[in-house]
Every structure is written in C-alpha cells, then in structure tokens.
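As they're listed, the protein sequences go chains Z and A.
For what it's worth, the numbering used here labels the leading residue of the first sequence as 1, then goes sequentially.
For what it's worth, the numbering used here labels the leading residue of the second sequence as 1, then goes sequentially.
Watch out, some of these pointers could steer you wrong.
Identical chains share a label here; the pair holds if one copy fits it or two copies do between them.
Said to hold, decoys possible - Calculated pairs, DSS-like style, for lysine-lysine (alpha carbon to alpha carbon, straight line, at most 30 angstroms):
1. LYS362 / LYS94
2. LYS313 / LYS207
3. LYS94 / LYS204
4. LYS265 / LYS32
5. LYS362 / LYS444
6. LYS444 / LYS395
7. LYS444 / LYS51
8. LYS32 / LYS362
9. LYS313 / LYS94
Think of the hints as simulated: they come from the structure by calculation, not from any bench.
Protein chains: 2
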Amino acid sequence: MPVRLTDLSLTVLETQYAVRGPIVARAAELEKAGRRVLYGNIGNPQALGQKPLSYIRQILALCEYPALLDSPATSASFPSDVAEKARRVLEATKYGLGAYSESKGVLMIREAVASFIAERDGIEARPESIFLGDGASKSVQLALRVLISSRADGIMVPIPQYPLYSATITLYGGTQIPYYLDEDRDWCVSRELLERAFMDAVRKGIKPRAICVLNPGNPTGAVLDHDNIAMIIDFARSHDLSILTDEVYQEDVYLTDFSFYSFAKVMADLGVSDVSLFSFHSISKGFIGECGHRGGYMEIRNLPDEVVEQIEKLQSVSLCSNLPGQVVTYCMVNPPREGEPSYPLYVAERDHIMDELRARAKILAEGLNGIPGIHCTRIAGAMYAFPRITVPSGKTDDQYCFDLLEATGLCVVPGSGFGQLPGTHHFRTTILPETAQIHEFVEKLAAFQASYK
Amino acid sequence: MPVRLTDLSLTVLETQYAVRGPIVARAAELEKAGRRVLYGNIGNPQALGQKPLSYIRQILALCEYPALLDSPATSASFPSDVAEKARRVLEATKYGLGAYSESKGVLMIREAVASFIAERDGIEARPESIFLGDGASKSVQLALRVLISSRADGIMVPIPQYPLYSATITLYGGTQIPYYLDEDRDWCVSRELLERAFMDAVRKGIKPRAICVLNPGNPTGAVLDHDNIAMIIDFARSHDLSILTDEVYQEDVYLTDFSFYSFAKVMADLGVSDVSLFSFHSISKGFIGECGHRGGYMEIRNLPDEVVEQIEKLQSVSLCSNLPGQVVTYCMVNPPREGEPSYPLYVAERDHIMDELRARAKILAEGLNGIPGIHCTRIAGAMYAFPRITVPSGKTDDQYCFDLLEATGLCVVPGSGFGQLPGTHHFRTTILPETAQIHEFVEKLAAFQASYK
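My request is simple: use the sequences and hints to build the entire structure.
Shown next, in the form of structure tokens:
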C-alpha cells in the first residue's frame, strides 16, 4: 500500500511556509489561464527585472569553461582583473567547479569572507569560523539543528518573522517563542516585550535556547540601531541564549538616517565574548540578487571547539555546498577595487540597482500610505513593505489576499504567514518590481481597498 | 554562556559520517605537513583527474554569461547545438540562472528528466513527479524526512551501506533496520536475510516503513539483476514498505554480463503499482562526475497527491535547488544526439572516461585479489572496491586504516563506517585514481599487509 498522509509525522504536517503557499499556487493557475499576475510574494530580484552584475557572471563563465581563458579570441572579451580572479578561484579549488570542496567550502573563499567581515566591522574574523552554504536558508537550518534537541527547546522568533524560522523550528520538533516587534516604533525590538515572551515560555516549562533577529528586517523593513542591538545582546547574555542573526539584507539600507551594524561588531564594541553567535549572509539579496545560485555563509562566534566539530560533521553529510554559489559568494565579498578594469562597470551597475531600489521603496511606501485604510511604516531596509490593512469585519488577511488576487492579479502574502499582533492585519509585498509596475500595484490596490466589503 | 556540547541532541551527537571522518582529517594533516597522500576515501572524480565534459561546461558558461552568445567573436567558439540548448535553457528559466526557480525545479528540465526515464525504461514518466535537488543526498534526506515520524519508524538499510542513509536516519530520529548483503554471492540481496531483518525489527516493536537499496551498490560494486530487483519489490509489497532506490551509479556498469535495471522499470514489468517508490539520480557520478555542481533528481511513483503536496511544501522551505546544478541535470538527461555538431567530441570524452573507469576497476580488483590476506568481489559497477581484509587478532579495521595511512599515505575508509558482518573487516577505496596511481596503491598496500602485525 502506498504511503498515506496519516503516516507522516506531525512536525512535517504542521510545517508551514506561506511565501510559496496556496495563494502563490492560485496565482500560477490564474497566469496559466491567461490572467496578468503581478508577483509581490517573494524577494526574487532577477525575476522582477534586476540584471546580474557582469563581474560575477564573467567570473562564473570563465570558471565553468576555462578554455575561454586560453583562447585569444575569447579571452579578449573579459577584463584582465576578471580573468585573474577566475584563475585564482580555479587554483584555490584545485580541480575547478566540478569536484566536491571541503565540507565548509573552499578555504580561499572562506578567507575572503573573513577579510570582508574584518574590513566591514573593524574586528577579527577567522576562516575556520565560516561555513559556506546553499543559500542562507540551509545555514539557518544547520544552526537550528544544533540548537534544538527536544520539544522543550525554545527558539525566540520575532513576530512578524520570515517563515523559514517558524517552519524549521516546527520541522525540527522545537518550540517557537514569539516576541512581538513594536509596529508603532518602526518595528524595533523592545526589552519589555522580550522579557515578557521569555517569562511566558519559562512558565510553560520551555527552556529558551536562542533568539533569532532579522536585521534589516523581513518582512518589516526595519533597520536596528546600535542601541537596539546592544540591548538584544545584553538580553541574550543575561538569559544564556545564543543569537541567530539574519543579516542577508545588510546592503539594502535606503534611508540616510539608518546604518547597518552587524551583531558581531556590536558584540565587539561591548566586549562581549560569552554569547554564542550565528550570523548569516547571502548572495540572494542586495544588489547581487543571485537567488538561483544558492550561496551564502554562516559565521559562528563564541562556540567551543567540540560544538564546532559537530556542526562540521553535520555539514559533511551533504558533502559541500554548490561551487558556483561559493564562487558568487567570493565575488560578493571581493568586488573590484578602484583602479581595476572592471571597477567602473561594476559601480555603475551596482549604483543603478541601489538607486532603483531606494526609489521604489519610497514610491511604494508613499503609495501605500496614500490609500485610506492602509498604513505602512518607513521602509528603512530589506526588500519588503508590510503594511497594516483594514479588512471588513469578520474577514481575515488570508481572505483579503485571495480576493485581492482574484480581483486584481496582485499576488502578496498575508500577514498571518509571518505572524502579527492578534486583531491586526497585514500583507507583505516586495519593493522589487519596476517603477511603472509599482504605480500599477498601488492603483489597483487602492481601487480594491476602496470597494472591498 | 556559550552553547555546550551537552546541550546538543543525542541524534546530532550520534550521527556518524565516515566518508569525511577522522581518517580524512588526519590525511589532510599529513598532507599539510608535506606527506604524499593518495585519497581513495571519496568518489570525487574530478579531484582525481577526470575531465569535465566540454558539452556541459560550454552550456553552463553560455547560461551564466549570455553576452557570449551575442558577440560574433565569442559565439563562434561554441558549437551551434550547444548555443541552441543554452538559449532553450535560458528561455525555460525565464530569468536566467540568477532567479529562484519553481521549488521542484525548472519545468522544462523536469520534462527532460521525464523523457529520459521514459526512453531509458520504456515506461511513462511525469514531470510533476520529478524533484530537482542539490545532489542526490538532499533528495534522499527529503524522502526520509517524510517517512520517519518517530523512533518506532524503521528504515531497512543494507549492510554495508553508504553512510548518508544511517546518518540521516539517526539525525531524523528514526531507527535503522540493517539487512546484510551476501558477500559470498557478490553482495546480492537475499530474501531470507530481508525477512530475518524485518522480523527482528518487528519483534523489537519497530514498524518497518521503507527499504533502501543502492544499485549499483556503494560500497559493494554489485549490480542487481532483474530477478533480484523483482524479489525486493515483492518483499516490499508483501510487507507494505516504500522503496528508496539510489541509482546514482546507473552509468557505471563495467562487466559485460551485467546490466542496469531501474526499480521503476522492473515494477512496470511486474505490473506493480501499489508500492511507493522514491528513486534518485545524480550528476556527481558516472562519466559526468560534476560533484561540485550539486545536482540530481528524485522521481516518485505511487504516492497519493496529498503526500506529494507535503513533499512539495518541504522542498519549498529552501526555495529551490541551485540553477547551475539543474542545468547540468538537463545536460545529463539530454546529451547531444548523433548528427549534432557537439556529438563526436561528447562521445570521445564520454568513452574515454568509461574506458578508463572500466580498466581501473579491473586493475584494482585484480591487484587487491593478488595480495595474500585480501579478497575482493567482482567490481561490476559503481566506483568502489570493498575488499575483505585480514587484520591481526585484536585489531579493528579502523586501526588498520589509520596505520595504513600513517605507514603509506593511502587514505581509505574503514568497513565499520559502512557496516559489515561482525567478525569481518573491510575498507572502501575508489577506482578513480589514474592507472599509475592504482598500481602504486596496490603495491603499497601489499607491502603494508605483508608486514602488518
């Protein structure tokens, strides 16, 4: 007899991942039937028109097919610094992109990541503490795997949050401890709400193990300031928690009065060295936007060697992350420097993308706030708006988003998929579509909102 | 306080993966200290000199950097069929390799996989039943995730086996039900041993859920015949088990009196349609050998839609597998056809690799069997020898392999990492090194074995 649904574990059945949930499936159906759909459900930059950086793709092409380097007819098409870096990558991998690398990733690339962190934050960073992964998602799962050993293990997760966290905690059989972000203060983290969430969990017999922080925030668009991060570190320290910090949107800061600070840097500033830290970065976001290449890294700090060995062992079971993704990670942390031949094009492409994202974030937030019944906080960073919406009494935001899709072809994710204060309603949409489409989005949404009953 | 080892779950601590275990770590130390090490521990073809197929790398380079297609200077360097296929891939992905694809993988590539299976086996195959993954390992883990819901769930695993299976079953909190392969009959599967393992498990209160079969076998090198596969299907059917069949070495069959039969084909031949089947293929093995690109697929059969939806949901949490790996999977299942410009070079490269592998398998098996105290079954397929060794009384094969490494620089994996009949000792080594190195391997091993006390 085939496998039955009732054979499956509850942890599998209960796992939810709204970003690719039933609304997106329905959108695909509508599109197949000839309807025009505007996808705002997922941060997939190149699917919404963002161009890949030439620098990255040139290095990838040369690494994939090194014969291009050998022939004068083809090698002339590549800037000399690109050719040199491709050669350096090939040499560092020893066997090119077709062989498994060390489980943690190619050493030279981990060294480049460590230099990037050291330069970004003015702190020490070690290649042995870097793990290259198939996107940040896989690394987050690796960290949670190590931290969850039973239902009693609690992981503090912001509400709203990116559902990778809730899905993985459920799947691994741990317990999610929700802590609310303060929408009235641009979704910042409040010590009071952290302590309350912590105490609630302890009262229920849960042992809090770690706190997850997304900075810049997904779906909130918030960028935490130095004080807020310092507060979270102090909170974690006083309660013996590890910190998981999702910093994949670190390049996506749009408002001039905000800056990105890494948790590693703030920890160093505070002189804290007894809190275990797992931080994540990705090639999928920022101006890189190479989602399909599935690359990124995890950096760990303040973990005993014997625990690090366990993480290495787990990583080794799937052998290594994909090499092209490792190469893109190398390109991300090692961009062309001023004076190198590929620098001007790189800067032009990068700045064009960032200018566009900044402009779109502004247009989208202003547009949303111009619609009666919809309110959106400042989009300081990341790639999303998470506006609060007014829905007719008795309706949910799930229903709202389904009806919006059917009526207008706009595909967004209901707030319930990320979590929200009971009684409030939201949806998430990305800032990524081209400006004309964002205007179209806002107009269609306004018309829908005005007539929705 | 940082995370302590004692905080980690037993399932993490107990997970073992010998292929990258302590012996390999010691080998790396020796190499760093200037010693010459011959690595036989892992099936990593391109790290041992196998060249990538030009066809695959050309398509990858064009997909990564499509500007190469637009310029006459560069496009002339690529055969026209390669250029055309790269265009087809780019069109099918819609946005190139930088965007997330559908969670299950690009539809056109899944269609190509389905055609490949249909053509290989003369049976129907559906793109909706194909899941593209970051290597077969990840797909195996996905299938086991669905099948294991508690410690009481048993998964039948051959002994010896590839430790991905034991590691994942341990990590997911299930129970391994070992069934022995019959070394005296070239490691084939015996019904009697299957029934015995099944009954033993049931007596212990375990509910057997599935049986894993590796064909061609890793580490055994066995290739199962049609009757043996039919017997396993009948066994699974009579005990209500799902089948997981690891067919990643399907191209690696070296002896003329053996042929590869897929479980899907034998099931169709038998008219069986009520046994759930998960089968796995990979771009890492055979003459492709693209381990670093982490690609492969899982095909599922005879699963109810509601279970398929759960698998799709789990796959969606990590968004999609890497696109370059998907492209290599496309190339694997859609090679150049006779008459296409890239066909002659493709055939020459492919045949050279297969001729080498065939010759090396023979040389290695003969060499091993020429050493007193060592006996090796026929290497009918896959990429390994798993010889039985005589060790001095009181010693283990772990000790043997460590001492071998220290004395000779040969790095192999002890039989204990794969499992073996108590009282027997083995190690696994690959057939991949170049012929001269295989001769060197055999000579050094012979000298070691003769003097080992």
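Here is how each hint holds up against the structure:
For a Cα distance limit of 30 angstroms, the shortest separation of LYS362 from LYS94 across copies, 28 angstroms, qualifies, whereas the shortest one inside one copy, 46 angstroms, does not. In this homomeric assembly, LYS313 and LYS207 come within 30 angstroms of each other (Cα to Cα) both inside a single copy, at 25 angstroms, and across copies, at 29 angstroms. Taking identical chains as interchangeable, the C-alpha atoms of LYS94 and LYS204 are never at most 30 angstroms apart, the minima being 53 angstroms within one chain and 49 angstroms between chains. In the homo-oligomer, the alpha carbons of LYS265 and LYS32 never lie at most 30 angstroms apart, since the shortest distance is 48 angstroms inside one protomer and 33 angstroms across protomers.
In this assembly of identical chains, LYS362 and LYS444 lie within 30 angstroms of each other by CA distance solely inside one copy; the values are 18 angstroms within and 69 angstroms between copies. Only within a single protomer do LYS444 and LYS395 lie at most 30 angstroms apart by alpha-carbon distance; the minimum there is 20 angstroms, versus 76 angstroms between protomers. For a Cα distance limit of 30 angstroms, the shortest separation of LYS444 from LYS51 inside one copy, 27 angstroms, qualifies, whereas the shortest one across copies, 55 angstroms, does not. Taking CA atoms no more than 30 angstroms apart as the test, LYS32 paired with LYS362 passes in neither setting, with 32 angstroms inside one copy and 54 angstroms between copies.
When the C-alpha separation of LYS313 and LYS94 is checked against a cutoff of 30 angstroms, the pair qualifies only within one copy, where the shortest distance is 23 angstroms, while the shortest distance between copies is 37 angstroms.
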